[in-house]
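Taking the hints into account, I'd like the entire structure generated from these sequences.
Line by line, the protein sequences give chains V and F.
Going by the UniProt record's numbering, the residue at position 10 of the first sequence is 10; the numbering climbs one at a time, nothing skipped.
Going by the UniProt record's numbering, the residue at position 203 of the second sequence is 203; the numbering climbs one at a time, nothing skipped.
If you are wondering where the hints come from, they were derived from the structure by calculation, not from laboratory data.
A quick note: this is a predicted structure, and the numbers were derived from the prediction, not measured.
Note that CB positions come from ideal geometry on N, CA and C, so glycine has one too.
Incorrect hints may appear among the rest.
The following label-pair restraints were derived from C-beta to C-beta distances [stated by the list, open to error]:
id: 1; chain 1: F; residue 1: D89; chain 2: V; residue 2: A340; range: 27 to 33 Å
id: 2; chain 1: F; residue 1: A355; chain 2: V; residue 2: R59; range: 53 to 59 Å
id: 3; chain 1: V; residue 1: A340; chain 2: F; residue 2: G33; range: 43 to 49 Å
Number of protein chains: 2
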Amino acid sequence: MALVVQKYGGSSVGDADSLHRVARRIVQTREAGHDVAVVVSAMGDTTDDLLDLTRQITREPTARELDMLLTAGERISMALLAMAIHELDHPAVSFTGAQAGLRTTDDFGAARILEVTPDRITETLRSGAVAIVAGFQGWSDDDVTTLGRGGSDTTAVALAAALDADVCEIYTDVDGLYSADPRVVSHAQQLPVLTSEEALELSAHGAKILHLRSVELARRHGVPLHVRSSFGTGAGTWVTDDPTVVPPDHPTVPGSNREESVEEPVISGVAHSHDQSKVTVVGVPDVPGTAAAIFAVMTGAVSTVDMVGQTHTAADTGLIDFSFALPVEDGRRAMDALRAAQERLGFADITYTDAVGKVSVVGVGMRSTPEVPAQLFEALAQAGITVHLIATSEIRLSAVVDEDQLEEATRVLHEAFGLGAEDEAVVHAGSGR
Amino acid sequence: MALVVQKYGGSSVGDADSLHRVARRIVQTREAGHDVAVVVSAMGDTTDDLLDLTRQITREPTARELDMLLTAGERISMALLAMAIHELDHPAVSFTGAQAGLRTTDDFGAARILEVTPDRITETLRSGAVAIVAGFQGWSDDDVTTLGRGGSDTTAVALAAALDADVCEIYTDVDGLYSADPRVVSHAQQLPVLTSEEALELSAHGAKILHLRSVELARRHGVPLHVRSSFGTGAGTWVTDDPTVVPPDHPTVPGSNREESVEEPVISGVAHSHDQSKVTVVGVPDVPGTAAAIFAVMTGAVSTVDMVGQTHTAADTGLIDFSFALPVEDGRRAMDALRAAQERLGFADITYTDAVGKVSVVGVGMRSTPEVPAQLFEALAQAGITVHLIATSEIRLSAVVDEDQLEEATRVLHEAFGLGAEDEAVVHAGSGR
Chain V
1 MALVVQKYGG SSVGDADSLH RVARRIVQTR EAGHDVAVVV SAMGDTTDDL LDLTRQITRE
61 PTARELDMLL TAGERISMAL LAMAIHELDH PAVSFTGAQA GLRTTDDFGA ARILEVTPDR
121 ITETLRSGAV AIVAGFQGWS DDDVTTLGRG GSDTTAVALA AALDADVCEI YTDVDGLYSA
181 DPRVVSHAQQ LPVLTSEEAL ELSAHGAKIL HLRSVELARR HGVPLHVRSS FGTGAGTWVT
241 DDPTVVPPDH PTVPGSNREE SVEEPVISGV AHSHDQSKVT VVGVPDVPGT AAAIFAVMTG
301 AVSTVDMVGQ THTAADTGLI DFSFALPVED GRRAMDALRA AQERLGFADI TYTDAVGKVS
361 VVGVGMRSTP EVPAQLFEAL AQAGITVHLI ATSEIRLSAV VDEDQLEEAT RVLHEAFGLG
421 AEDEAVVHAG SGR
Chain F
1 MALVVQKYGG SSVGDADSLH RVARRIVQTR EAGHDVAVVV SAMGDTTDDL LDLTRQITRE
61 PTARELDMLL TAGERISMAL LAMAIHELDH PAVSFTGAQA GLRTTDDFGA ARILEVTPDR
121 ITETLRSGAV AIVAGFQGWS DDDVTTLGRG GSDTTAVALA AALDADVCEI YTDVDGLYSA
181 DPRVVSHAQQ LPVLTSEEAL ELSAHGAKIL HLRSVELARR HGVPLHVRSS FGTGAGTWVT
241 DDPTVVPPDH PTVPGSNREE SVEEPVISGV AHSHDQSKVT VVGVPDVPGT AAAIFAVMTG
301 AVSTVDMVGQ THTAADTGLI DFSFALPVED GRRAMDALRA AQERLGFADI TYTDAVGKVS
361 VVGVGMRSTP EVPAQLFEAL AQAGITVHLI ATSEIRLSAV VDEDQLEEAT RVLHEAFGLG
421 AEDEAVVHAG SGR
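Written out as structure tokens, the structure is:
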């Protein structure tokens, strides 16, 4: 008997039929002898509908009131889900974020969880009932807060950590994480197991299934994640650093074309991201301290600077160019900050483009395989794809390329690192959302 | 400067435009120098929509979960209303029932208020902001409860009592209480002032504008009510036993055709109710104790028995009939209880009909005017309307008549007691709901 936290996103609870299906799945887990705490998002379009209403009222909603409004969404889905479970003759009780003990900072709209004291959840599970908890929300000083992007996943992982759950199952509309986005790479294959570090890098650099924030939290607290489809019965993807938690009958080899390999794959997956921009500071005097000054301006303006390239414009001018890759929402902000400091920094000009994208290869095997950068450059060069910038972590290598070559680059690298399955990927998507 | 509690019902906040209109009215009250606490219901059809969703999930929703679900409705309206007030550059903060300190019994779906500790409301008003409170909801032992029918009015009155407010304004889609339902009596006139007892009797016997429960609460705590239209600017109806709280410029005479009268009207209004049934116990042995036994059975089965008529079937049989008038939802239940006791009580048969209605005339002047019953019988008799049963309180006289004569009876009594205005009533109804 295990303690299982299950999280169902908005597309898994889009309407009454979906709620019934989710209820059956929860009851099956109960009947298999497990304790089940469920974290649920707002139904399908509820949040969008509430935001539409808000726009009819004001263009600048107060953050506190917006949180009060949006938390109505989970209240609806969680109460209906509890009823749907009752309908199957199993007890279930729903709880708001506050009732579940999720205390947060008072940053309305983007609150961080400070503490989880799930006394009522523990009590409910002990009584033999299913506990249903509203995702995405908490409380701070008797006010309702929301956790912002990826909030429901974060709720689920935080609750799993506080309950010391055996696993946190993330149900979504696809059946796990893939070696690449199957909409771009037709032979992408579902990944059976990833380390938390790999999942972190994939999520941070374009894979959209898991929210970076929840993967970080799961990693920090050692919570095993199991990503599954709420529409199918596939094996899903485990994200864990402890191989013993993965059931013995779970698939272990990514695809049939890799079965002959005795080694673990070097690269687990390829992520890509369209939402990139490139800022180039042109004609910077090549004197000590300039690079540091430019960095200081950048880091004051934006959240993360992922990649830097430095090129001499001409050997005899004593001027250099700096290029940065940034998420597109940060690009303009960085440019404004740099322009404001142009006189002090003494550079000639700035150029900006968002017609770039980023492709990243991720795998723990990179640590022991120094050939990866060479393989990447060679594969892209053979395909006629120019690399503008490059960045690495211990287990990731990212390249910025022209946006119109991004998907081709993704396919090329997926193939070059031998990730392709023999068959086309079949994604069990329910609503197509 | 006064402390004003304003309550806006669902039809007053049906959409974004209505919310903007309500916000402007609240801001006007603020700008007139008053402190304003607002109680708001769920928007228009929200509750019905949530109940529709519920029916797609289960036919027997758990009471606790149903309350969790339905309280999402006020959460939406109150947050949007706060935003709409901000949009007019006034501060406003919304509060759930729990945050506003409404502690209730744990009777989910029909909770009673135990205590109101509106510390956060007081604090908010002191800070110069408008406090917006969710109607219809409270909390009990950290669970969310709803107050059932008339809940938002009840919230408003309870809050007004706890805050020691100067007035509780009930905004609705009509501009006050009328001498009769204007849809039935075209010359019905708006009543400027009623005593709490009159409002109580009118509400209890068919007038639908105020909920009986909130009028009782207002009476007990001495909270002056002011019923107004949220769509127009009419003077509205005051319900109070303290004439000094009514502003001096408020109309005092019901209608132009009564201006010559130096006396207060004997009858203030006529209420009618379609939802009535008549149960007759036929052939009851006329021996001591039988009536008491029948009553005991009835009072065990139903909430209120309003009227009783006793008729000898024939002088020589020694048998009598008892008739009762009951709200239609109680009628069948009473009949079942009586049938179960038929052997013990020894009666011959029971008849039941719901093709009856009740018309009631109400007025504090009845205390000093013993002619009212005679006038009522005469007026109805002249119009060819048969009275089946009759009941009285100190200030009310009710008659049960055939349902197809009910509206005619209402018009006849309205006319007979001189309540008609010279012009047809113009009801400022917004949505027609």
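Results of checking the hints against the structure:
no. : hint                         : verdict
1   : D89(F) / A340(V): 27 to 33 Å : holds (31 Å)
2   : A355(F) / R59(V): 53 to 59 Å : holds (57 Å)
3   : A340(V) / G33(F): 43 to 49 Å : holds (46 Å)
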